[in-house]
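Undergrad: Here is how the chains run, residue by residue.
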Amino acid sequence: MNLTFTLRIRRPQGWADFTVTVPDDAYVLDALEAAERHDPTLLFRHACHHASCGSCGLRVNGRERLGCVTRVAEVASRGRVLKLEPLRNLPRLGDLLVDHQPLFSRIDAVDLPPIRAAASEAVAGPQPTRFENCIECGLCVSACPVAGSDSSYWGPAALAAAARVAAEPRGRDVASVLKLVDDEHGLWRCHGVFECTEVCPADVDPAGLIMGLRQRLLEGERQ
Amino acid sequence: MKRWFDLRRRSAGLWAFRLHRLSGIGLVLYLYLHLAVLNQLRGGPGRWDAFVALARSPLFLALDVILLGGVLIHGLNGLRLTLLGFGRGLRWQKQLFWVALTLSVVLMGWGAVAMFRR
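Order-wise, the sequence lines are chains S and Z.
Positions in the first sequence are counted from 1; adding 1314 to them yields this note's numbering.
Positions in the second sequence are counted from 1; adding 62 to them yields this note's numbering.
What the hints contain is simulated information worked out from the structure, not anything from laboratory work.
Built from N, CA and C at the ideal position, the CB exists for glycine as well.
A few of these clues could be false.
With the Cβ distance kept under 10 angstroms, some of the chain Z side facing chain S (calculated, not the full set) [to be verified]:
{"no.": "1", "residue": "80"}
{"no.": "2", "residue": "143"}
{"no.": "3", "residue": "153"}
Pair ranges (Cβ atoms, derived) [to be verified]:
{"no.": "4", "chain 1": "S", "residue 1": "1497", "chain 2": "Z", "residue 2": "89", "range": "26 to 36 angstroms"}
{"no.": "5", "chain 1": "S", "residue 1": "1532", "chain 2": "Z", "residue 2": "93", "range": "25 to 35 angstroms"}
{"no.": "6", "chain 1": "Z", "residue 1": "101", "chain 2": "S", "residue 2": "1322", "range": "47 to 57 angstroms"}
{"no.": "7", "chain 1": "S", "residue 1": "1484", "chain 2": "Z", "residue 2": "84", "range": "42 to 52 angstroms"}
{"no.": "8", "chain 1": "S", "residue 1": "1497", "chain 2": "Z", "residue 2": "175", "range": "46 to 56 angstroms"}
{"no.": "9", "chain 1": "S", "residue 1": "1431", "chain 2": "Z", "residue 2": "148", "range": "27 to 37 angstroms"}
{"no.": "10", "chain 1": "S", "residue 1": "1493", "chain 2": "Z", "residue 2": "103", "range": "47 to 57 angstroms"}
{"no.": "11", "chain 1": "S", "residue 1": "1405", "chain 2": "Z", "residue 2": "84", "range": "21 to 31 angstroms"}
One-sided and incomplete, this derived list gives chain S residues near chain Z with beta-carbon spacing under 10 angstroms [said to hold, decoys possible]:
{"no.": "12", "residue": "1376"}
{"no.": "13", "residue": "1377"}
{"no.": "14", "residue": "1509"}
{"no.": "15", "residue": "1512"}
{"no.": "16", "residue": "1527"}
{"no.": "17", "residue": "1528"}
Make a model of the complete structure from these sequences and hints.
TA: This is the structure in structure tokens:
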């Protein structure tokens, strides 16, 4: 079975409609690739197709999602319009493409080690490792209303990274990271909206981590 | 600020955020309105009595009910935010919002009945 529907994409010059037909088990990214066959100038980013690279974040009917794991059938019933817009609160490069550099710079400043120890039942052998949960997709930054009104705000992803460093330093200087984010545009700027946690595709829970880190600071962690 | 009020597909936390801001702005405006009303006292007893008569009209009472709702939602959600800010009840942030909202609506209803019965 196939699904035929209108893909309405917000381009810099305004909304553009594409009529696309995809299998009923297709994902939003598949629909975008179908639209790209109509117009090869359509700009969007993707890589892994399985929610690991964080490249294909966008707003689907107003909600931040990864295009690669959002099924069309879940978000566009037959005959309906599926609206796609770029992420907010990051510089727009064109069509659905945004520049993640401001996000990456702040995460780099926190210097979160990308590898963490994995929980394991094994009693012998080398300690298994895994990547940190955050895939740096920027959905949380887009969903955060505070990031929309304060461009200097560190944002949920970078603050969550700081919280991870504080929880598992792995050689990093926790005091310097805490000093970095203990700022009016850092931890204390968060208004506890929890949209970041709602949209996070990797269960990072940035809002919870931010509040937990605040608690540590209030308890005098830096002294 | 426009992005604070994008209504599409948002969760309880953002509704709490919006209500908190709207009620906060409303309460600030009310403060100035209140000062303007108090200024009526300078016009003497006659002017004040005329204002009190106006304030007892159904329209003014309805505005009082809205004011009460704003105070309640701002205050109760403020308590929720204080708890969350101290890292307490994070898992129940949505439920805490619904409790604050429900209490606000119930107390606002009770207040409305009390005001209109007098």
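Undergrad: Confirm or reject each hint.
TA: Consistency of the hints with the structure:
1. Interface hint status for residue 80/Z: upheld, as the beta-carbon distance to the closest one in chain S is roughly 8 angstroms, under 10 angstroms.
2. Interface restraint check for residue 143/Z: the shortest CB-CB distance to chain S comes to about 6 angstroms, inside 10 angstroms, so the restraint holds.
3. The interface hint given for residue 153/Z is met, as the beta carbon of that residue sits about 8 angstroms from the closest beta carbon of chain S, less than 10 angstroms.
4. For residue 1497/S and residue 89/Z, the Cβ-Cβ distance of about 28 angstroms falls inside the hinted range of 26 to 36 angstroms, so the restraint holds.
5. In this structure, residue 1532/S and residue 93/Z meet the distance hint of 25 to 35 angstroms, their C-beta atoms being roughly 30 angstroms apart.
6. For the pair residue 101/Z and residue 1322/S, the beta carbons lie near 53 angstroms from each other, so the given range of 47 to 57 angstroms is met.
7. Between residue 1484/S and residue 84/Z the CB atoms are about 44 angstroms apart, so this pair conforms to the stated range of 42 to 52 angstroms.
8. A hinted range of 46 to 56 angstroms for the beta carbons of residue 1497/S and residue 175/Z is consistent with their spacing of about 48 angstroms.
9. Distance hint check for residue 1431/S and residue 148/Z: the Cβ-Cβ separation is about 29 angstroms, which falls inside the suggested range of 27 to 37 angstroms.
10. At roughly 53 angstroms, the beta-carbon separation of residue 1493/S and residue 103/Z lies within the given 47 to 57 angstroms, and the hint holds.
11. Evaluation of the 21 to 31 angstroms hint for residue 1405/S and residue 84/Z yields a pass: the beta carbon distance comes to about 30 angstroms.
12. Given hint, residue 1376/S at the interface with chain Z, holds; its Cβ is 3 angstroms from that chain's nearest Cβ, closer than 10 angstroms.
13. At about 4 angstroms, the closest approach between the beta carbon of residue 1377/S and any beta carbon in chain Z falls short of 10 angstroms, and the interface hint on this residue holds.
14. With a least beta-carbon distance of about 5 angstroms to chain Z, the hint placing residue 1509/S at the interface is held under the 10 angstroms criterion.
15. With a least beta-carbon distance of about 5 angstroms to chain Z, the hint placing residue 1512/S at the interface is held under the 10 angstroms criterion.
16. At its closest, the beta carbon of residue 1527/S sits 9 angstroms from a beta carbon of chain Z; the interface hint therefore holds under the 10 angstroms criterion.
17. With its C-beta approaching chain Z no nearer than about 6 angstroms, residue 1528/S sits inside the 10 angstroms limit, and its interface hint holds.
The structure agrees with every numbered hint stated previously.
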